[in-house]
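Going line by line, the protein sequences match chains C and A.
For the first sequence, our numbering gives the first residue as 142, with consecutive numbering after it.
For the second sequence, our numbering gives the first residue as 142, with consecutive numbering after it.
Rather than coming from a laboratory, the hints here were simulated on the basis of the structure.
Certain hints may be false.
It does not matter which identical chain is used: a pair holds within one copy or between any two.
List time: in silico SDA-like cross-link candidates among lysine to any residue, alpha-carbon distance up to 25 Å [to be verified]:
no.	residue 1	residue 2
1	K219	Y271
2	K219	N290
3	K422	R176
4	K272	N235
5	K225	E313
6	K225	N430
7	K203	E374
8	K422	H224
9	K199	A316
10	K359	Q378
11	K163	M247
12	K219	W264
13	K347	G208
14	K225	K272
15	K199	L435
16	K237	E397
17	K157	E397
18	K193	F413
19	K195	D205
20	K225	Y271
21	K422	F322
22	K272	G291
23	K377	E310
If you're wondering where the values come from, they're calculated on a predicted model, not measured in any experiment.
2 protein chains.
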Amino acid sequence: MAEYVFGVDVGGTTVKMGLFDKEGNILEKWEIPTRTENHGENILPDIAAGIKEKMAQKSIAKEDVAGVGIGTPGPVEKNGIVHKAVNLGWAELNLKEELTALLDGMRVEGGNDANVAALGEMWKGGGQGYKNLVAVTLGTGVGGGIIINGEIMTGATGAGGEIGHIHVEDDETEACGCGNFGCLEEYASATGITRLANRALRSSDKDSVLRTGEVSAKAVFDAVKAGDGLAIEVAKQFGDYLGKGLGIIAGIINPEIFVIGGGVSKAGEILFDYIRPSFEKTTFHGCQNVIFALATLGNDAGIYGAARLLL
Amino acid sequence: MAEYVFGVDVGGTTVKMGLFDKEGNILEKWEIPTRTENHGENILPDIAAGIKEKMAQKSIAKEDVAGVGIGTPGPVEKNGIVHKAVNLGWAELNLKEELTALLDGMRVEGGNDANVAALGEMWKGGGQGYKNLVAVTLGTGVGGGIIINGEIMTGATGAGGEIGHIHVEDDETEACGCGNFGCLEEYASATGITRLANRALRSSDKDSVLRTGEVSAKAVFDAVKAGDGLAIEVAKQFGDYLGKGLGIIAGIINPEIFVIGGGVSKAGEILFDYIRPSFEKTTFHGCQNVIFALATLGNDAGIYGAARLLL
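Let the sequences and hints guide you as you build the complete structure.
Below is the structure:
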């Protein structure tokens, strides 16, 4: 019986790889560079070579491996088709078929990286014990992954769970990276919090520690913890937008738990104090009973979730 | 082999019942009153009696019936537990277990009425051929049902798909029926359109046919079709809110099709002309490719969908 499973998380600069046992214990973890040149034609062969090398090194036979799970940026359909992954250079390709072929028929399952990371947090991270989970990643952007009854909700074209682009502000004049105006990402990402802080600094003449040094999401929440009034106002704005966005998601999806990760989440549970008021004000009562938890797997969520795809 | 299936749709005043063949052809359709007195204790026995009577009348044996599907108001969990259905008088009960017992062990499947109606529209209505569908009912309120990969998304507590209570307006001062402020239902239901029209009539002194006669959703869209300027402004407001709400849903769920039903949908495809501009403006590009269609089953969607639960 197969004892091992590989989890692969393809990023724009590095590919994270992990060897797991079937209980989800991580046995080895390593990285290889993502070679995006020539439309990313080397990425899957490099991954296959890395897996074969690890198997040789550890004397693992093919029949001892349940398969390889892989998470990649961009929409990934249920059948493994990636339509476009801009930062890898990929146009349309079938992730499952191509990697299976490179691995001499080994079983491959694929998914969008944010969705796969959500699955990882459900399996071994902040969402353990739950089957209806929304993972929210507050990083440079805002990403998301939705798990329903233990399964990733991919959506019709693999673009489900794009919660960073929920429209939450009608009066925004600066465009989001996606081209729209007023997306959640414009206020709840690290970049968004910085923007809110800079706006607050410009429009107020209140004293604030944010007036000296670099303005960043981390600086804002450090200042909040130190009782800085202006930073607290910024945190309230952040929380109002994110609470409203999560409230909308709760009303539609009716999850058990939100698992909040990404760089911004390093501020800790204090985030929830700012999210909850607007969440409670805007969420349909039948869907308010949702737990807020912090993600615990950090950058390893993707390899855990990818491995989980096989089990 | 079982040839028949029953579909039951429990409303606050009448229970709609249908006898179907397994291809989904409706053979008989009838109604019984919903007896809500004494905490609705007669509702399930009345339904069971109605089914047995129909079987006797048509000489249908128990083994010829695949089972009974039933849709009821309020949240219904996957296991058939109803926590509270206020307008039926029900507190917690297990719909599947109780009705099965009353029907001598016949198989029963249950769901929330709006979700079940969505399944009906997917099976035999405006959403035929699609498996990822969001049904939107614009009636007295705004209801919804979400189908993912051909299955109802019930959510963790059976309250999934409550799209009428998506928060779409921060500055609302009148409360929604749910107690919150700024829910989609306050602008996109028949009642909501009437409210928008009355507000427009008060705040403008423009001429309008709406100044004579009853103000209603139907009157507004009749006036729109006649080129009435004020009515067109109201339709634009309605469409801005609904397009934004559906855009948010599309970004989260990534469906193939929206099926729009309920009394307001009788205005026809002209609705889409008012919904699309804000939908396109606010929806994440990867999720914009969604079809808008009208529901076609009307009040029968519930019995169709209930029957479909068995197949």
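Each hint tested on the structure:
no.: 1; hint: K219 to Y271; in the structure: both (22 Å within a copy, 15 Å between copies)
no.: 2; hint: K219 to N290; in the structure: both (16 Å within a copy, 10 Å between copies)
no.: 3; hint: K422 to R176; in the structure: neither (47 Å within a copy, 35 Å between copies)
no.: 4; hint: K272 to N235; in the structure: between (28 Å within a copy, 22 Å between copies)
no.: 5; hint: K225 to E313; in the structure: neither (29 Å within a copy, 41 Å between copies)
no.: 6; hint: K225 to N430; in the structure: between (37 Å within a copy, 16 Å between copies)
no.: 7; hint: K203 to E374; in the structure: neither (57 Å within a copy, 66 Å between copies)
no.: 8; hint: K422 to H224; in the structure: between (39 Å within a copy, 23 Å between copies)
no.: 9; hint: K199 to A316; in the structure: neither (50 Å within a copy, 64 Å between copies)
no.: 10; hint: K359 to Q378; in the structure: within (15 Å within a copy, 40 Å between copies)
no.: 11; hint: K163 to M247; in the structure: within (16 Å within a copy, 41 Å between copies)
no.: 12; hint: K219 to W264; in the structure: both (20 Å within a copy, 22 Å between copies)
no.: 13; hint: K347 to G208; in the structure: neither (58 Å within a copy, 69 Å between copies)
no.: 14; hint: K225 to K272; in the structure: between (29 Å within a copy, 23 Å between copies)
no.: 15; hint: K199 to L435; in the structure: neither (35 Å within a copy, 59 Å between copies)
no.: 16; hint: K237 to E397; in the structure: between (31 Å within a copy, 23 Å between copies)
no.: 17; hint: K157 to E397; in the structure: neither (29 Å within a copy, 33 Å between copies)
no.: 18; hint: K193 to F413; in the structure: neither (44 Å within a copy, 54 Å between copies)
no.: 19; hint: K195 to D205; in the structure: within (13 Å within a copy, 58 Å between copies)
no.: 20; hint: K225 to Y271; in the structure: between (31 Å within a copy, 24 Å between copies)
no.: 21; hint: K422 to F322; in the structure: both (24 Å within a copy, 8 Å between copies)
no.: 22; hint: K272 to G291; in the structure: both (4 Å within a copy, 19 Å between copies)
no.: 23; hint: K377 to E310; in the structure: both (15 Å within a copy, 18 Å between copies)
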